[in-house]
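Line by line, the protein sequences are chains X and E. Take -2 as the starting number for the first sequence in our numbering and just add one per residue. Take 285 as the starting number for the second sequence in our numbering and just add one per residue.
No lab work stands behind these hints, which were simulated from the structure alone. Heads up, a few of these hints could be off.
Claimed, not checked - Just a sample of chain X residues kept apart from chain E, beta carbon distances all over 12 Å, derived: (1) T1; (2) N215; (3) P270; (4) G291; (5) P316; (6) D331; (7) M349; (8) G418; (9) R421; (10) G422; (11) L442.
Claimed, not checked - 30 Å max Cα-Cα, derived DSS-like pairs, lysine-lysine: (12) K42(X) <-> K440(X); (13) K304(E) <-> K310(X); (14) K304(E) <-> K42(X); (15) K42(X) <-> K310(X); (16) K333(E) <-> K304(E); (17) K440(X) <-> K304(E); (18) K378(E) <-> K42(X); (19) K378(E) <-> K333(E); (20) K70(X) <-> K95(X); (21) K378(E) <-> K304(E); (22) K42(X) <-> K95(X); (23) K440(X) <-> K310(X); (24) K333(E) <-> K70(X); (25) K310(X) <-> K378(E).
Unchecked claim - Now the in silico label distances, taken between C-beta atoms and shown as ranges: (26) R402(E) <-> W329(X): 29 to 35 Å; (27) V405(E) <-> D378(X): 27 to 33 Å; (28) P445(X) <-> V406(E): 37 to 43 Å; (29) E317(E) <-> D292(X): 21 to 27 Å; (30) D330(E) <-> G425(X): 38 to 44 Å; (31) M349(X) <-> S338(E): 25 to 31 Å; (32) V405(E) <-> E134(X): 45 to 51 Å; (33) G337(E) <-> A61(X): 21 to 27 Å; (34) T379(E) <-> A334(X): 23 to 29 Å.
Glycine is no exception: its CB is placed at the ideal position from the N, C-alpha and C atoms.
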Amino acid sequence: MTVTVAGGQGFYGDHVGSTRTLLDAGVDYLCLEALAELTLAILQKDRQRDESLGYTRDLPAYLALALPHVAEKRTKVITNAGGINPVGAGRAAVETAKRLGISGVRIATVVGDDLTGRVDELAGAGHGSLTNAETGEPWSSFPGDLLFASAYLGAGPIVSALADGADVVITGRTADPSLFLAPLVYEHGWASDDWDRLAAGIVVGHLCECSGQSTGGNPSGEWWTVPEPWNFAYPIAECEADGTAVLTKAPGTGGRVDFDTVRHQLLYEVHDPAAYVTPDVVADFTSVALDDLGDDRVRLSGVRGRPATPTYKALFTYPYGWSGESRVAFAWPDAYAKARAAAAIFRRRVEMAGHVVDDWLEEYWGVNALHGATVPLDGADEAPEVIVRLAWRCGDAATVARVGREMAPMALSAPPWGLTGTGRGMGGAPSQLMGLWPALVDKSLVDPGVAVEMVEV
Amino acid sequence: MGDVARIQLRDLCGTRAGDKGDISNVALFAYDEEAYEAIRAEVTADRVKRHVGSLVLGEVRRYEAANVLALNFVMERALGGGGPRSLRSDNLGKTLGGALLRMEIDVPASVAASAPRRRPVVP
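Extracted from the complex, chain X is given alone in its bound form (with noise of 0.2 Å):
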């Protein structure tokens, strides 16, 4: 039996019609994948201002597109839009088909990955516990207050709740492979120390993930030579019982999948590519084989895994106060010249002024804000034109605009000339920054919490 899953969505922000092409392949499992480091820092915001959310608000529009398909018992639909409430997330869906008027759809949200109550406990767990596993920091150098924590869960009670009959299952933080792992484990029947199988389902999880990065997206190779990149690909994996599979995408669409494509994305995000480190096994990916079907197929095999850890991933997050930036132009003559003139004399004002100011930084784009050490600045004297992006930290939001008031008043009276905005505006709203402890936590910890609650509509 071959069983299809399909990567819908790579990030908060993707485009919710292209997931039409998948329904329209008839894939069996459209999975959704809305979370990046990044956007738990969006969904914080929203949480803070309304209870009710700390969810990706576009999954009402996936829905709106799936449930129909989902109704006529054509697909499943996997995610973790839930972000930091999946019970919010869950309300939402339920909303959604009641307001399409759907009926006979049983909709499943994952609670337990928040530990955002349970941080002295974890703390106190043991030796060396919470332990930033980025810095090796102690829990006891945590920076501030705690935000919110979660932890990264595995494909375990998505399992579950298909077993249960759910046609939506909706998760908090679940790791993002471990979505396109659950209906694998689901419909093939793979046991959980059958470690080869969930190491290739990761593999395909993986590739899926980030929507059309497997599929013709983001290519360094030929990018120019892609075709129809307006009608954007998003990967289908073929997957079989004995863990190998293909990679392919949604009939007419443009994009590619070829070895080019395929390996880009296998090595997005990875540290050592032969530990791949998931909640659900240890993923060599040096082990796949990717066999270059033609046509925009290419095969996987050969996947070794390794034993699950005894722990999950965490992240731990903290205020970092708030950024602003101003953006401002300069044209030849003494381009770059004059953009180094107009920072400097901006953070003298700031100083002046007393601002207190925590962090600087100053990019000069035309120049090297981008590759910086590695660009040789021969030429950057005579650059036709440079803008000085110049970004602050500071305590608090109204601080950082005051800084951002500064900027304008010289465009009359400081000395370099010719000084222009970069389109309407020179800087954007304060942006409240935050901080990631990423840490282990023993998965005995975090399991006894952990639940599936259905709702049929």
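Given the coordinates of chain X, assemble chain E onto it according to the supplied hints.
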């Protein structure tokens, strides 16, 4: 080694960069087996660390994925503190792959001669 030639990585490989917290990973994908062996020999973690300079404040580690002719560089403290707290425009490091492609290395002349040197054609 016989004749050698200097070549920019952009002519030997493609790239994609990803982010986790303050860590950026940049993968280099060689266009063929010979190019892979050439970058494997020349593009060391130390060399990348020197090349990226102040873009990356922490350690650079290298991993190999021969099945896809790739080297993966994991760069710590590379994103101005991590996506949601970084002041950088490119707070996720999406463009850092290109920064690596700027590097020049010495390769066997035969490898340089057969490098694809692809350039965009955009109407």
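Inset, instruction - For the range 23 to 29 Å, tell me whether the beta carbons of T379(E) and A334(X) fit it or not. - result: Since the Cβ atoms of T379(E) and A334(X) sit about 25 Å apart, the hinted range of 23 to 29 Å holds.
Legend entry - 12 Å cut-off, C-beta based - M349(X) kept clear of every residue in chain E: holds (22 Å)
Inset, instruction - Could you tell me whether the CB distance from G337(E) to A61(X) stays inside 21 to 27 Å? - result: Since G337(E) and A61(X) have Cβ atoms about 49 Å apart, the given range 21 to 27 Å is violated.
Inset, instruction - Quickly compare the C-alpha distance for K70(X) and K95(X) to 30 Å and report which way the hint goes. - result: holds (17 Å)
Inset, instruction - Sort out whether K42(X) lies within 30 Å of K378(E), counting only the CA atoms. - result: holds (24 Å)
Legend entry - Check on P316(X) being off the interface with chain E, judged by Cβ distance over 12 Å: violated (9 Å)
Inset, instruction - Take the C-beta atom of V405(E) and the C-beta atom of E134(X), compute their distance, and say whether it sits inside 45 to 51 Å. - result: About 50 Å separates the Cβ atoms of V405(E) and E134(X), which means 45 to 51 Å holds.
Legend entry - Outside-interface status for P270(X) - nearest CB in chain E farther than 12 Å: violated (4 Å)
Inset, instruction - Take a quick look at whether K304(E) and K310(X) sit within 30 Å of each other, Cα to Cα. - result: holds (12 Å)
Legend entry - T1(X) and chain E, when compared Cβ to Cβ, separated by more than 12 Å: Nearest chain E Cβ is 24 Å from T1(X), so the label holds.
Inset, instruction - Given the range 27 to 33 Å, decide if the beta-carbon distance of V405(E) to D378(X) lies inside it. - result: With Cβ atoms ~32 Å apart, the hint holds.
Legend entry - Whether G291(X) stays farther than 12 Å from all C-beta atoms of chain E, as the label says: It holds; G291(X) is separated from chain E by about 18 Å at its closest Cβ, greater than 12 Å.
Comparing the model with each numbered hint stated earlier shows that hints 2, 3, 5, 24, 28, 33 do not hold.
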